[in-house]
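**Student:** Hints given; two lone chains; assemble the complex.
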Amino acid sequence: DGGITQSPKYLFRKEGQNVTLSCEQNLNHDAMYWYRQDPGQGLRLIYYSQIVNDFQKGDIAEGYSVSREKKESFPLTVTSAQKNPTAFYLCASSILSGSEAFFGQGTRLTVV
Amino acid sequence: SQQGEEDPQALSIQEGENATMNCSYKTSINNLQWYRQNSGRGLVHLILIRSNEREKHSGRLRVTLDTSKKSSSLLITASRAADTASYFCATDASGAQKLVFGQGTRLTINP
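Chains E and Z are the protein sequences, given in the same order.
To convert, note that position 23 of the first sequence is 23 in our numbering; the numbers rise steadily by one, no gaps.
To convert, note that position 13 of the second sequence is 13 in our numbering; the numbers rise steadily by one, no gaps.
Next comes chain Z alone, as it looks inside the complex (with noise of 0.2 Å):
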């Protein structure tokens, strides 16, 4: 079962602009993490944020987690053609020691 869903599915827009990405869970968890894969390639991790958290940044990325809403939301700001990549976010949940993704937020950015 996927624990996380990732809103929009797909997302598009200019260079320069800022994209947003959001994530709803179903269960308490630990931490919650960002990663971003390129077309074919492997899963690189961009942020972690923990239960007692409620922000993190990471230099163009923000992340904010409500853990009342079981929501997360990932900010890209002045994107750049190179940000063209699928998004996941992945859930430890309390107790199950293991990571489960998201659907994935496809982003495009056009020059």
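In isolation and in its complexed conformation, chain E is listed as follows (with noise of 0.2 Å):
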């Protein structure tokens, strides 16, 4: 059963702590996106990765920190740096960068 999974589903975090937001996908695709969206607005870029061992910053990526050690992970770390982190985090993957995407379901990061 193919797909991308985002886990958890709800995540609450702590002012000052570190959290890290977990990503796979098993549709053997090189290009996987994390993005942000605040509630009513569009999705805004944090970090992309084409290929494995290889990532880009995106529009906002400061306050976050991303690894792609292996194809189908791509784990995504909203750090203490990160002055206002409450917010639904999208995951998605594709075939190749700027080809159709495939959403993870996202979790939704709250700081307490």
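Heads up, some of the hints might be wrong.
Facing chain Z, according to a computed beta carbon distance under 10 Å, are these residues of chain E, among others [claimed, not checked]:
(1) 52
(2) 63
(3) 67
(4) 75
(5) 100
Simulated DEER-style distance windows between Cβ atoms [as the list claims (entries may be wrong)]:
(6) Z:52 x E:7: 35 to 43 Å
(7) E:18 x Z:68: 44 to 52 Å
(8) Z:15 x E:105: 23 to 31 Å
(9) Z:56 x E:95: 17 to 25 Å
(10) Z:16 x E:69: 45 to 53 Å
(11) E:18 x Z:66: 42 to 50 Å
(12) E:77 x Z:77: 42 to 50 Å
(13) E:80 x Z:15: 44 to 52 Å
(14) E:27 x Z:40: 20 to 28 Å
(15) Z:10 x E:20: 34 to 42 Å
(16) E:39 x Z:55: 46 to 54 Å
Since the hints were made in silico from the structure, they are not lab data.
All C-beta atoms, glycine included, are put in the ideal place defined by N, C-alpha and C.
**Tutor:** Written out as structure tokens, the structure reads:
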């Protein structure tokens, strides 16, 4: 059953803590993306990766970090340097950069 | 920076009517895509139109692309209550190798 899986669905973080959001795909896609969505807003690109062991900053990378050690995995760490992390985070993958993207169901992060 | 801007931001119509949403973008593109998002869920790909195409159909969806005006439109015909969702355009800018989304149009179909 192919797809892209994000976990957890809901995540609560205390101020000053780092948290890592998981994104796994078994579609054999080369490209993976992380987006942030605030209420009633569009998607803003955080980081993207075109191939294993390579990734680039998107428009709002400050306060976030990623790794791409395996083709199927692209975890996102929200660090304490991110001042306003409460948002809905979406991971996506595509066979090539810029082609049709498949999205996970998202992780809703709340700072408490 | 947002590459695409959708217009209108919100649209409310009666079931059975047609819905038209527009997207404008800033740079040259390889392709333009439309996605749908139900509240609180991930996005679902609807249709992709390449820069050398002018019109594309998929079921009740019709997409047009005018590269001279850097704009696209999505037409949903014979709307249904189940079409209620947010619709986003996304562009693959030439040379950028990334997918950039607009702000979206929130569509409400009233029964």
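**Student:** Does each hint fit the structure? Answer for all of them.
**Tutor:** Hints, one by one, checked against the model:
no.: 1; hint: 52; verdict: 15 Å, violated
no.: 2; hint: 63; verdict: 18 Å, violated
no.: 3; hint: 67; verdict: 18 Å, violated
no.: 4; hint: 75; verdict: 17 Å, violated
no.: 5; hint: 100; verdict: 5 Å, holds
no.: 6; hint: Z:52 x E:7: 35 to 43 Å; verdict: 40 Å, holds
no.: 7; hint: E:18 x Z:68: 44 to 52 Å; verdict: 47 Å, holds
no.: 8; hint: Z:15 x E:105: 23 to 31 Å; verdict: 27 Å, holds
no.: 9; hint: Z:56 x E:95: 17 to 25 Å; verdict: 19 Å, holds
no.: 10; hint: Z:16 x E:69: 45 to 53 Å; verdict: 51 Å, holds
no.: 11; hint: E:18 x Z:66: 42 to 50 Å; verdict: 45 Å, holds
no.: 12; hint: E:77 x Z:77: 42 to 50 Å; verdict: 44 Å, holds
no.: 13; hint: E:80 x Z:15: 44 to 52 Å; verdict: 48 Å, holds
no.: 14; hint: E:27 x Z:40: 20 to 28 Å; verdict: 23 Å, holds
no.: 15; hint: Z:10 x E:20: 34 to 42 Å; verdict: 35 Å, holds
no.: 16; hint: E:39 x Z:55: 46 to 54 Å; verdict: 34 Å, violated
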